[in-house]
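Asker: Each chain is listed here by its residues.
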Amino acid sequence: MTTSDHAADIDKHVRIYITVFVALMVLTIVTVAISRLHLPVHLAVTVALVVAVVKGSLVACYFMHLISEKKLIYAVLVLTVVFFFALLGLPVITHENGYWIPE
Amino acid sequence: MSEPSAVAHKPHVAHEAHHEELGFWRKYVFSTDHKVIGIQYAVTGLLFLLFGFCLMMLMRWQLAYPDSPLPLIGGLFGESRMPGGTMLPEFYNELGAMHGTIMVFLGVVPLAVGGFGNFVLPLQIGAPDMAFPRINMASYWFFFLGGVTMLASFFVPGGAAQSGWTSYVPLSVIAGTGQTWWLIGMIFLITSSLLGAVNFITTTIQLRAKGLTFMRFPFFVWAQFVTAFLLLLAFPPLEAAGVMQLMDRVAGTSFFLPTGLVVSGQVVQVAGGGNPLLWQHLFWFLAHPEVYVLILPGMGIVAEVIANNTRKPLWGYRSMVWSLIFLGFMSFIVWAHHMFMTGMGTAMAAFFQTTTMIISIPSVVILTALIISLWGGSIRFNTPMLFAVAFLPMFGIGGLTGLPLGLNVADIPLHDTYYVIAHFHYVVAPGTIFALFAGIYYWYPKATGRKMNEMLGKIHFAGSLICMNVVFMPMFLVGLAGVSRRLYDGGAAYDFAQPVLHWNVVSSWGAWTLGLFQIPFIFNFFWSIWKGEVTDANPWQATTIEWTAPSPPPHGNFVTAPEAHRGPYEYSVPGAGRDFVPQSEG
Amino acid sequence: MEIPYTVELRRDTGLNNGKIGIWLFLASEVMLFGALFASYILIRTGATSWPRGDTILNVPLATFNTIVLISSSVTMVMAWASLMRHRFGTFRLYMGATVALGGVFLVVKYFEYSHKFHDHLFPSTNNFLAIYFTLTGLHMLHVMGGMAVNAYFWGPGAKLWKTNPEWFTNRVENSGLFWHFVDLVWIFLFPTLYLL
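As given, the protein sequences belong to chains C, S and X, one line each in that order.
Taking our numbering, the leading residue of the first sequence gets 1, the next gets one more, and so forth.
Taking our numbering, the leading residue of the second sequence gets 1, the next gets one more, and so forth.
Taking our numbering, the leading residue of the third sequence gets 1, the next gets one more, and so forth.
Check each hint, because a few of them may be wrong.
Unchecked claim - List time: in silico DSSO-like cross-link candidates among lysine-lysine, alpha-carbon distance up to 27 Å: (1) C:K12 with C:K70; (2) S:K312 with S:K531; (3) C:K70 with S:K210; (4) S:K451 with S:K27; (5) S:K210 with S:K312; (6) C:K71 with S:K458; (7) S:K451 with S:K312; (8) X:K116 with S:K27; (9) S:K531 with S:K451.
These are calculated hints, taken from the structure and not from any lab test.
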């Protein structure tokens, strides 16, 4: 963000913000509606996650301006995502090879 | 206590006018100047190191002479902790848990990162201060709050945390009130570290001087930079775990409590369904990178002191830097080597022992490069250099003895024995703490304008080196004999331990003597503020940018912004008039 | 010497200090919530039984809250855009709306929680409720924190617009980044807890 962003640029951005807002509303309705279908668990989780990722990406890319950010920020986020997935490995590790306390 | 000198009057910097007559509180207590904050961190950290060491000296009585009353001061601890001057096992556990917690989180990291990082980093990169001075101040006060919370926990009913610094569940969930205070204290400390990490990374990237490219950074800067990333990304999972343990303790949840848990013959009335291993995973996800947080700044300090006192550039600078980066990355994927004994399957064990073996490589590269850096140098054996050189074999011992621990099968007889205690103390005590001592003797003139006394420094060094080894070397033997850690009698109740028990006495006397040898240091530290030899800006004829600022530097550090024109270690350059060319000269 | 790149961009990174600082902080927040999500997965997949979210929780109320929070994200970015267009009055309106919508979110949360307590559903009742209260509770604390900062920039902090409009715009942008992140977390929390 710099003062070199002109008013016309901002107008374009504002149009994008409204579009994204509408998309987010629609996707919210969609995700609630699909949950009413009571899909089998694996499918339900996948669909819900996909919708959430799309919504999240819209917020990140357009509201948070990630789509036009600098390389340094991308680098930090890529690093974070890598370790985030390492974290998500915890449940996988715990359930491997009987590494679990049965109830 | 030292402080930056009165503001150097810079008439052309008009908008800094408000810095000129700050009252006592804004100048020395609630200061946003990185140098003041650095000294605050350093002094507080040193006080906590001393306190944590005193806890250990107390424990060592029980380990050397189990169940015998402590002479002279035994009565001071009250009947609930030391009835008749004899230590209760519960009190031993309290001392043990708090010794570890205080040394790691209130002593070493605040001194190494908060103290040295804050004071030296902006100066070394030619910056006027940190990028976010007020956040810097906030980070100190969160640390202070955390420290007060931890200290206060000794006085709550039931005493301080006593489930190890690792706070394993379910024991820590059913433990007394002190554990809740520990968790709250940790949340303050984690907040402090996160704020600091954001500051260090932003400052290093944005405020470095013109011409100071990443590959021209002093190694110390790289070390602090990588450390900051470790703190930033590894601490939050522990914070999450801490919140969950708080919920278990205070709100009656069962995140970590399995179904059917029985305590003292009674089934615990909770919902159950929790998993104790979840705590271990989240804890070690932080705690493994944390041990690299403990060592990396020390390596950074040693590198600076060695380059300066060999009058040669560091050997293998680039390989050291890449090793640092690789080490930082790998440190996130080795954590379960602390959990080999939890019943993990062979696939998981194979993964973690492989990553653990791989992570030893960059450490070896760094250590080797530092050793080779000595070759052919014109070595000056001043006190900082003595500590820095001693660091090398001590860290070597610590690192090598870690190898069997990182291998699943070899870990079986060694896990949770005194061997482990010896291993990690070698890395942290004659390792990192020696590096920190080196740093104190080295940068003291920059902070105060006076040098510490060399004779006292050498006595401090010799005594500490010998005593550290007397304390910790026998522990390898004791551990190999099978004596577990955290036994309040040092193994005295076990038949198999009888042949090695006498070593507990040796270690104890070593520890108490080590304590005595810190007296010259403590005295020197304060005495030199008034009576130390006065120095100029660059008493060590060093090349890095901090030595071009006055000793001590004024608010804002540099009158004009420095520019880097060469690498950080231009010592003994052929054709130069003297044996060093400062990084920002000409 | 004053601290450089507080407002102007450093040439090689193209960024000012605050922007880097806030993204670094958000990276740490990703790890914080990530750890809680990982814990949720671990506990749920190890449980013998686990209730569907909509059998215990109030989906219509939470859907409403989702819409509220997303709307507040839009008003937040519009507040920043207003500053970029030098329309301080419009900024005030949008920022005020952001804080107000945050307040609505909290009020709805208050009703949600008190309803649960009224029905004797506490964090200690079972692990589903434990993770529900912990995750939404921590999220709620972040909403409060964000609201506090936004309220500051709407109110007393707005003085900075007169003396250093660029810096003020940057700080509002950074505050907005935090607010969007809080919205982002909710976008994942909502389906995870309420719909699955």
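Asker: Within a Cα-Cα threshold of 27 Å, do S:K312 and S:K531 meet the stated pairing?
Answerer: 32 Å, violated
Asker: C:K70 and S:K210 were given as a pair; does the straight-line alpha-carbon distance stay at or below 27 Å?
Answerer: With a Cα-Cα distance of about 20 Å, the restraint between C:K70 and S:K210 holds, given a limit of 27 Å.
Asker: For the pair we were handed, C:K71 and S:K458, check the Cα-Cα distance against 27 Å.
Answerer: 49 Å, violated
Asker: Can you confirm whether the C-alpha distance between S:K210 and S:K312 stays at or below 27 Å?
Answerer: 24 Å, holds
Asker: Given the hinted pair C:K12 and C:K70, is their Cα-Cα distance within 27 Å?
Answerer: 20 Å, holds
Asker: So if I understand the rule, the pair passes when the alpha-carbon distance is 27 Å or less; does S:K451 with S:K312 pass?
Answerer: Holds, because 23 Å separates the two Cα atoms, which is no more than 27 Å.
Asker: Hey, S:K531 versus S:K451, does the alpha-carbon distance stay inside 27 Å?
Answerer: Holds. S:K531 to S:K451 sits at ~9 Å (cutoff 27 Å).
Asker: Does S:K27 lie within 27 Å of X:K116 when you go C-alpha to C-alpha?
Answerer: Roughly 51 Å between the alpha carbons, so the hint for X:K116 and S:K27 is violated.
Asker: Does S:K451 pair with S:K27 here, judged by a C-alpha cut-off of 27 Å?
Answerer: At roughly 24 Å apart (the allowed maximum being 27 Å), S:K27 and S:K451 satisfy the hint.
The structure does not agree with the numbered hints 2, 6 and 8 stated previously, though it agrees with the rest.
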